[in-house]
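S.K.: Protein chains in written order, with our numbering: chain Y, 1 to 106; chain V, 107 to 232.
It should be emphasised that the hints constitute simulated quantities derived from the structure, not laboratory data. Note that the structure is predicted; figures quoted are calculated from it, not measured. Warning: the hint list may mix true and false statements.
Said to hold, decoys possible - Restricting the straight-line Cα-Cα distance to at most 25 Å, the calculated cross-link-like pairs of lysine-lysine (DSS-like) are:
hint, chain 1, residue 1, chain 2, residue 2
1, Y, Lys106, Y, Lys44
2, Y, Lys44, V, Lys149
3, V, Lys189, V, Lys149
4, Y, Lys102, Y, Lys44
5, V, Lys149, Y, Lys102
6, Y, Lys106, V, Lys149
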Amino acid sequence: IQLTQSPSSLSASVGGSVTITCRASQGISNSLVWYQQRPGTAPKLLIYAASTLQSGVPSRFSGRGSGTDFSLIINSLQPEDFATYYCQQVHIYPRTFGQGTKLEIK
Amino acid sequence: EERLVESGGGLIQPGGSLRLSCAASGFTFSRFDMHWVRQGTGKGLEWIGAIGSVGDTYYAGSVRGRFTISRDNAKNSLYLQLKTLRAGDTAVYYCARELRQEYKYASYNFYGLDVWGQGTTVTVSS
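Whole structure, please, built from the sequences with the hints as guidance.
M.R.: If you want it as structure tokens, here you go:
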């Protein structure tokens, strides 16, 4: 299963909102997770089952979607949110990641 | 604290072999499926493979036949044997634990990789 994220990069302002999309090449139900990765660190799990927030993740993060189309929404952007975001399908093996979306400060 | 610590990375010549280790602590290692993920410099995440709690293994096509994942539950350790290494295998290698929930006997919902190590760097170069 291939995952296509868009955009590959985007810029936004602190306090603003962004939406990142992830499209699967075939239906994966809600078996989609999102990670955040800051430079020089390991990825951090943000959302699983397409829309469930991992413990400790701020509520300004949300996810939606099912089947082939998914999105990650970040509201009220904070300085620490500027990072790279990846989706991953956990529906079948081999697991696959999207190519990533780099979120930069405008 | 739930923790994973990778080791074993280094500089290796093309065609060479290397074994990476991942030491787990703070959780019941034997109950979890474990994964390896790599990231080349400036590149995205690439899923390499996984091993189930009962020892079943799964691999990405790009590494199948060259890489082998194993585990020793008595030592709370995960391993990745890399063989016939190429320049394209140069990356930071992460081990990670998979979150899952059993909804009926031997059937699971998978919820992603919730605990990651800090990574170990493998450089393939002559």
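S.K.: Looking back at the hints listed earlier, which ones does the structure fail to meet?
M.R.: No hint contradicted; all consistent.
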